[in-house]
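Peer 1: Below, each chain spelled out in residue letters.
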Amino acid sequence: MQRTISIAKREFFAYFNSPIAYIVLTVFLLAVGILFFIMSGFFIVNEATMRGFFNAFHHPMFPVFPLFAAAVTMRLIAEEKRQGTFEILVTLPVRDVEIILGKYLAALMFLAAVLILTLGYPITVSLAADMDWGPILGGYMGLLLLGASYLAIGLLASSLTEHQVIAFFSAIVISFSFYYVSYSSAFLPASIASFVQYMSFTYHFNNLSRGVVDSRDVLFFLSIIVAALAGATLALKARKWR
Amino acid sequence: MVQSRETMIEVTDVTKFYGPIKAVDSLSFRLERGEVLGFLGPNGAGKTTTMKILTCYMPPTTGRATVKGKDVFRDALEVRSLIGYLPENAPLYHDMTAREYLRFIAEMRQIDTRDIVRRIKHVTRTCGLDGVLDRMIGTLSKGYRQRVGLAQAMIHDPEILILDEPTSGLDPNQIVEMRNLIKEIGKRKTVILSTHNLSEVQASATRVLIIHRGKIVTDASTDQIQKTRGRNRYEVVLAAEDGSREELRKALRGIDEVEKVDAIDVKEEDVWSFEILGKTDADLRRPIFKFAVDGGHTLLELKPEKASLESVFMELTRE
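Protein sequence lines correspond, in order, to chains A and B. Those letters in the first sequence? Residues 434 to 675, by our numbering. Those letters in the second sequence? Residues 2 to 320, by our numbering.
Bound-form chain A, shown alone:
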């Protein structure tokens, strides 16, 4: 546990040692702002609603959230493998799962920091009019779970390769399939459609951002996270296959 925290601490500060973190952060906040205020027609609706805000995170045309998560996680393991630092890390007295959890924790802390920064948007809106904070709380919980799932997928992708670029794109491919799969349900027979819908990130996220916190949605995201992290741990263990 102590070692997990040491790794998380190192990784978290490493984000701020490179310009990439600041670029990703700025682009992300700008994109969400633009998508929220302009693309979702916030000023046209003329209503103090944050529905458009939460949709901005996974706008079908500009899926900034999966892109953000892939950029944040791509180097976590891949870069260690490429630089060879991986060898020192895994020959320290540390379990593979502790390494994965430490890296994941760092990415989660970065996500949390970013989400805290986005609080500026709802606070700005609430200054203009009375607002229902219930859906916002649910929405943020949804964002945290959705983001955490994307990050877990990104970490898995990073653990499978030693090239950041490959990690980035494979994370995006996996994330997009969970994201866009809901659009296919219209063309599928009802029996499959309900399963496909259940596997869709959009479906569960929409439930949460409506302010309805259902344990089934929470459980769905948690299982995705656990599965992806287990996969990443397995990928580290692969070096031990005889």
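It cannot be assumed that every hint is accurate.
[What the hints assert, rightly or not] Below are the BS3-like pairs computed for lysine-lysine, each with C-alpha atoms no more than 25 angstroms apart in a straight line:
#1 B:K304 <-> B:K251
#2 B:K71 <-> A:K673
#3 B:K71 <-> A:K670
#4 B:K143 <-> B:K184
#5 B:K184 <-> A:K673
#6 B:K143 <-> A:K673
#7 B:K143 <-> A:K514
Worth flagging that the hints you see were computed from the coordinates, not collected in a lab.
Fit chain B to the supplied structure of chain A, relying on the hints for placement.
Peer 2: Showing chain B alone in chain A's frame:
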């Protein structure tokens, strides 16, 4: 210093395959406390693979390796805490200062928080890192990075150090400094040191293990290796009374304990030069002199050459 006979590392019949490629081929050796083992071999001989097995990076395909009786696969965490490891090229986090990095490794090794500062101070002194502790590792020279790598491996005061080519890529001055450092460390610790630089082994190791194509070809102490494997070589220049060069060569070949005689071209007339290789390390100076006198030849030069580790190595690992 008390030399208790305690087996620190035992490798038994270890084989490692990378897919169809056999990197290490039923390797067995044992290392006692206090030994400094020079692990020698051409590139791709299996040195790094063996080290990766000993540091629990990966298990052997078959066979068993133990460190202080602990299996590298089953008791990996315990083994790792006994070992300090410096991989090839000292891969470190370039975005940290040396101090931050050492602190991170110390934390990972669960060194008591109160001891961390003291340990960092200690390895800083041992590895000569004064003045660069607060510089980014990425901005340090190769030599200093290698030292930070060594400091990292020693931060928990391990009983065993495994160093993979600690001097590769260093300039001659840095190589000498690193060697002295390893020699100093070797007085108190059990060290495995891989290299393809032979003088390095002569300088810092007490024992040499030469491997070639995954197999051990020599396992001996540094002195021993030159005595037993080091057959003597003589350069002889004769002014011959009569006979052709070939006849003379055959005659020299007839001397007891002579393995091989090669003729060397000489510009002077009626002067012949030969390179004579002895079968053992027996002294051939007298027989050669006697040969010259008996044959009525004039011995112009007789130059014995002690076989260096270099020639032993080349002979053993020739394709």
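Peer 1: Please go over all the hints and tell whether each is borne out by the structure.
Peer 2: Quick rundown of the hints versus the structure:
Our distance criterion of 25 angstroms between C-alpha atoms is met by K304 of chain B and K251 of chain B, whose separation comes to about 20 angstroms. Restraint check for K71 of chain B and K673 of chain A: the C-alpha separation of about 17 angstroms stays at or below 25 angstroms, so the hint holds. With a C-alpha separation of about 20 angstroms, the suggested pairing of K71 of chain B with K670 of chain A holds against the 25 angstroms cut-off. Between K143 of chain B and K184 of chain B the alpha-carbon distance is near 20 angstroms, which keeps this suggested pair within the 25 angstroms criterion.
A threshold of 25 angstroms between alpha carbons decides the hint, and for K184 of chain B with K673 of chain A the separation of about 33 angstroms lies outside it, so the pair is violated. Our distance criterion of 25 angstroms between C-alpha atoms is broken by K143 of chain B and K673 of chain A, whose separation comes to about 31 angstroms. Taking the CA atoms of K143 of chain B and K514 of chain A, the gap is near 20 angstroms; set against the 25 angstroms cutoff, the hint holds.
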